[in-house]
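Asks: From just these sequences and the hints, can you work out the full model?
If you're matching them up, the sequences are chains A and B in order.
At position 202 of the first sequence the residue is numbered 241 (this note's numbering), and the sequence of numbers has no breaks.
At position 52 of the second sequence the residue is numbered 58 (this note's numbering), and the sequence of numbers has no breaks.
There are no misleading hints in this set.
Listed next, the stretches of chain B that the computed footprint assigns to chain A, with coverage defined by at least 3 CB atoms under 8 Å from CB atoms of chain A: (1) 28-41; (2) 51-59; (3) 86-97; (4) 205-214.
With a straight-line Cα cutoff of 27 Å, these simulated BS3-like cross-link-like pairs (lysine-lysine) come out: (5) K125/A <-> K198/B; (6) K210/B <-> K48/A; (7) K228/A <-> K198/A; (8) K51/B <-> K198/B; (9) K13/B <-> K24/B; (10) K352/B <-> K268/B; (11) K51/B <-> K125/A; (12) K46/A <-> K215/B; (13) K13/B <-> K51/B; (14) K9/B <-> K268/B; (15) K48/A <-> K227/A; (16) K287/A <-> K125/A; (17) K352/B <-> K280/B; (18) K48/A <-> K215/B; (19) K125/A <-> K227/A; (20) K125/A <-> K228/A; (21) K46/A <-> K210/B; (22) K210/B <-> K125/A; (23) K210/B <-> K227/A; (24) K241/A <-> K51/B; (25) K198/B <-> K48/A; (26) K198/B <-> K215/B; (27) K198/A <-> K287/A; (28) K24/B <-> K9/B; (29) K215/B <-> K125/A; (30) K232/A <-> K46/A; (31) K268/B <-> K13/B; (32) K241/A <-> K227/A; (33) K48/A <-> K228/A.
Everything labelled a hint here was simulated from the structure, so no lab data went into it.
We put the beta carbon where it would ideally sit given N, CA and C, even for glycine.
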Amino acid sequence: MSVIFAKSKGLTDQETHYCPGCTHGIIQRLVAEVLEELGLLGDTIGCAAVGCSILTYNYLNIDMIESAHGRAPAVATGAKRVHPNKTVFTYQGDGDLASIGTAEIVHVAHRGEKITTIFVNNAIYGMTGGQMAPTTLPGQKVTTAPGGRDVAHSGMPLKVSEMIAQIPGAVYVERVSVHNPRAVRHAKKAIRKGFEYQMAGKGFSLIEVLSTCPTGWGLSPVDSLTWLQENMIPYYPLGVFKTPEEAK
Amino acid sequence: MPKSLMKGNEALALAAIKGGCSHFFGYPITPQNEIPEFLARELPKAGGVFLQAESELAAINMVYGAAATGGRAMTSSSSPGIALMQEGMSSLAAAELPSVIVNVQRGGPGIGTIQPSQADYYQMTRGGGNGDYRILSFAPATVQEGAEMMMAAFDLADFYRTPVFIVSDGMLGQMMEPVEFPERPLRTLPEKSWAAVGHGGSRKPNTIKTLVLDPGLLEQKNLRLQEKFTRIAATESRFENYRTDEAELVLCAYGSTARIVKNSIDLLAEEGIKAGLIRPQTLWPFPSSAFQQLPPTCRTILTVEMSCGQMVDDVRLAVNGRLPVAFYGRSGGIIPVPEEIVAHIKVLLGRV
Ligand SMILES: Cc1ncc(C[n+]2csc(CCOP(=O)(O)OP(=O)(O)O)c2C)c(N)n1
Chain A
40 MSVIFAKSKG LTDQETHYCP GCTHGIIQRL VAEVLEELGL LGDTIGCAAV GCSILTYNYL
100 NIDMIESAHG RAPAVATGAK RVHPNKTVFT YQGDGDLASI GTAEIVHVAH RGEKITTIFV
160 NNAIYGMTGG QMAPTTLPGQ KVTTAPGGRD VAHSGMPLKV SEMIAQIPGA VYVERVSVHN
220 PRAVRHAKKA IRKGFEYQMA GKGFSLIEVL STCPTGWGLS PVDSLTWLQE NMIPYYPLGV
280 FKTPEEAK
Chain B
7 MPKSLMKGNE ALALAAIKGG CSHFFGYPIT PQNEIPEFLA RELPKAGGVF LQAESELAAI
67 NMVYGAAATG GRAMTSSSSP GIALMQEGMS SLAAAELPSV IVNVQRGGPG IGTIQPSQAD
127 YYQMTRGGGN GDYRILSFAP ATVQEGAEMM MAAFDLADFY RTPVFIVSDG MLGQMMEPVE
187 FPERPLRTLP EKSWAAVGHG GSRKPNTIKT LVLDPGLLEQ KNLRLQEKFT RIAATESRFE
247 NYRTDEAELV LCAYGSTARI VKNSIDLLAE EGIKAGLIRP QTLWPFPSSA FQQLPPTCRT
307 ILTVEMSCGQ MVDDVRLAVN GRLPVAFYGR SGGIIPVPEE IVAHIKVLLG RV
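Replies: Below is the structure:
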């Protein structure tokens, strides 16, 4: 019998605490698989951020540092400056990266820090119970915008990939999704590129992954995938926003 | 070794290199800028890394990341910048990450002034960070003492797995004095087997974290931290006595103010008034034991600070009601002169 799927050595045996249908688990699996395939599990330092993914260090078989809310890019900078030859990444949600941590993410790119950021955009604050994020879509109902996000009151959602791509030190920026198997396979390729560019010493990479939050959105796991496809992708178009060639 | 004339800030920076600093992260603020400027020039020559951060928030978290991966990291700032770093300091203490933080105090509250002050005593001993934690804080009074405290700071940080504060002020930072850098005594330090450096496939992953959701486990962790703080308090508390023998008045002052108070004490001695000084060299642990050994002649304690009265709280706790504790302070960046302290003491002792 041939094995068609096996758990990555990059994952521990610990069961995740994620809600049914949440795609954090898929994204972390992709990170684990990529690091395993690149032979980097033993040479990587990960920076976990405050949010649903804070316990990432329980699920990934790598050395990790938990960071204060929004500060993972600064923590990663400290780690990379001590270990320039190790692989360093941050794994951050959209409240963490696009709200409280905007200064840190802009400046890690500005310095061209040779790290990789996995940015999980689920358009909501998951961990604290579904409040509005800078990425919450217009009209989207969240606990702190019960009538739906009013853009006259709270502005239009922040497009992080587009913003970071403008910064000279960012060499690779791509937005991907994990709403179907094809998208998942593509997301893995993008994550792999992010780590490969780091290993090649190119500069800062950010991979934005559109992700679901069935609990926060009040939808079933399947409906969440459809909601992502129908509502998030039109506002947050998938694709490459920056390549090392363009960064030159 | 010959002495050289150096600014307090620059001496601290050089002492950091001699003390084994490998990484500096910081954000500009007066009156401490000579520290990053010196290190930007000299730390790379010594094989280290200097990096200017985008903010104090980033700087302290860079220190956290560097310390978590085994680097000997430091930052320096002044009062408002230290305020911004407090969340990071709580995390450094909670994750037990060796690191060194310099505060060249200036007048507050708010943006305040760039002139010298000691109004951050609470910040440096109580912390603005959340939770039950303590940070070893050294308070030099001379450029030489600052250099020596700084040279020892990284080893102490590694030894106890703790952040260490060097509490200076704008006067000490800007003044020039002769200073020498004796060889640092070699100290056996524990291996950093806990650091997140990549497990190399040869051990279980290391995690640096401060989240402990289970209250039972968090209480256990806090008790273990308290045990460490008690150990530090028992071993590291330091003070200097100046002319306390037969003193009827004992003053308590630290840092720059202690130097001024020594002048006041000498002036009083010329008039036959016996006063002495207890000078805390560590703010936390506060040298309470110094107040257990007061001369029998002592009738009153007077705390002098460049603040509206902060360290005086610890003096009162140490004296514990046995004697009256008075306070004299100047704030807002005003440096008291010896004569005004003398005049205040005479009023206090009824000798006018
Ligand atoms: C300084 C600070 N402020 C607020 C919080 C509370 N908090 C925890 S998680 C979180 C939001 C995280 O949301 P996001 O980054 O979108 O990640 P998600 O949980 O959705 O994956 C907040 C505000 C905190 N832990 N620290």
